[in-house]
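Protein chains in written order, with this note's numbering: chain A, 2 to 178; chain B, 2 to 178.
Quick caveat, the hints were computed from the structure, so don't treat them as lab data. Watch out, some of these pointers could steer you wrong.
Pairs of lysine-lysine, BS3-like flavour, derived with a Cα cap of 27 Å [claimed, not checked]:
1. B:K5 / A:K138
2. A:K4 / B:K138
3. A:K146 / B:K3
4. A:K168 / A:K3
Number of protein chains: 2
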Amino acid sequence: MKKKSIAVDMDGVLADVEAHLITYFERDFGITILREEIQGLTEEEAFYGREKVRSVLNSKDFFRTLPVIDDAVESLKLLQENFEIYIVSAATEFPLSLNEKIEWLAEHFPFIQWQNIVLCGSKTIINTDYLIDDHPKNLDFCMGKPIMFTAFHNAKKENYLRVNNWKEAVAVLKEAV
Amino acid sequence: MKKKSIAVDMDGVLADVEAHLITYFERDFGITILREEIQGLTEEEAFYGREKVRSVLNSKDFFRTLPVIDDAVESLKLLQENFEIYIVSAATEFPLSLNEKIEWLAEHFPFIQWQNIVLCGSKTIINTDYLIDDHPKNLDFCMGKPIMFTAFHNAKKENYLRVNNWKEAVAVLKEAV
Numbered sequence: 002m003k004k005k006s007i008a009v010d011m012d013g014v015l016a017d018v019e020a021h022l023i024t025y026f027e028r029d030f031g032i033t034i035l036r037e038e039i040q041g042l043t044e045e046e047a048f049y050g051r052e053k054v055r056s057v058l059n060s061k062d063f064f065r066t067l068p069v070i071d072d073a074v075e076s077l078k079l080l081q082e083n084f085e086i087y088i089v090s091a092a093t094e095f096p097l098s099l100n101e102k103i104e105w106l107a108e109h110f111p112f113i114q115w116q117n118i119v120l121c122g123s124k125t126i127i128n129t130d131y132l133i134d135d136h137p138k139n140l141d142f143c144m145g146k147p148i149m150f151t152a153f154h155n156a157k158k159e160n161y162l163r164v165n166n167w168k169e170a171v172a173v174l175k176e177a178v
Numbered sequence: 002m003k004k005k006s007i008a009v010d011m012d013g014v015l016a017d018v019e020a021h022l023i024t025y026f027e028r029d030f031g032i033t034i035l036r037e038e039i040q041g042l043t044e045e046e047a048f049y050g051r052e053k054v055r056s057v058l059n060s061k062d063f064f065r066t067l068p069v070i071d072d073a074v075e076s077l078k079l080l081q082e083n084f085e086i087y088i089v090s091a092a093t094e095f096p097l098s099l100n101e102k103i104e105w106l107a108e109h110f111p112f113i114q115w116q117n118i119v120l121c122g123s124k125t126i127i128n129t130d131y132l133i134d135d136h137p138k139n140l141d142f143c144m145g146k147p148i149m150f151t152a153f154h155n156a157k158k159e160n161y162l163r164v165n166n167w168k169e170a171v172a173v174l175k176e177a178v
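With the hints as extra help, turn the sequences into a complete structure.
The structure is reproduced here in structure tokens:
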């Protein structure tokens with residue numbers, strides 16, 4: 002039987018963008034941001050406006066040096082036994098990120114083949130059985146079943162099946178096999 | 002009414018890979034290849050094996066300097082009036098190509114937004130109403146209606162609706178609106 006497919010977002014789901022932004026804000030702007038204080042805020046509210054965030058996201062090596070979210074590696078390896086896993090990342094807005102994301106995946110997730118990597122803009126034409134993402138804008142137009150991965154900015158959204166971490170994601174998907 | 006969507010392949014459909022490979026083979030290997038002699042051959046048969054082709058595809062600036070296929074620019078502009086156009090290119094196999102493809106599109110197709118660009122591996126999870134591609138391996142698994150764009154390597158394939166150039170593609174899609 003054909004395996005069911007899962008599209009897995011990178012930023013905020015495999016890669017801890019939140020932690021990395023906090024590190025960069027401290028280092029580059031001397032601004033201390035506490036995780037517990039930004040729950041439920043938008044990215045722009047949490048990180049002092051669009052311009053500051055974009056300047057960090059556009060800086061060389063930001064995407065290459067992102068920390069991996071807890072249990073993401075082991076969980077994807079496990080899920081790969083029963084699902085066809087695709088990494089689907091909105092990346093074309095930040096051209097510098099393209100190669101960095103490929104290198105980052107090769108380092109941390111070498112078991113994901115190039116055939117299963119999608120670097121895109123809008124995710125509206127992606128058709129998989131599941132989408133694990135932290136952004137409502139992607140989950141809203143998802144063709145398959147949307148699964149919301151908890152992030153500071155979606156803390157107050159209640160429209161989706163939520164998983165707070167990778168252990169919960171694996172448990173939810175185990176039910177689906 | 003929501004516009005119908007078209008996924009448009011890059012290599013062999015917007016970008017003349019065939020002509021560029023011929024140029025590189027003459028320049029780098031002193032090998033002359035004539036378009037009329039490679040009709041119906043596979044890429045490997047036409048271009049002296051997998052290794053030679055890959056060495057060219059992996060060379061810096063190959064994808065950045067590809068010539069644009071006749072009428073592609075005007076045709077996509079025209080089609081954009083009635084369709085949602087996505088550029089969907091298998092690119093993750095050649096990481097060097099990622100940025101070059103984005104830059105190439107920005108130069109020749111500046112009216113295509115980053116939201117509508119997909120750099121992927123397998124195209125099996127792409128769901129659009131139409132796919133214009135030169136490779137049977139992509140057209141075979143297409144969720145929408147496949148349209149085969151003529152290339153030397155598909156000259157003998159007869160399983161798909163074929164267009165020989167962009168004028169024919171526009172004519173076919175005009176019928177679909």
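Now for the hints, and whether the structure bears them out:
no., hint, verdict
1, B:K5 / A:K138, "holds (20 Å)"
2, A:K4 / B:K138, "holds (19 Å)"
3, A:K146 / B:K3, "holds (22 Å)"
4, A:K168 / A:K3, "holds (24 Å)"
Of the hints listed earlier, there is not a single one the structure fails to meet.
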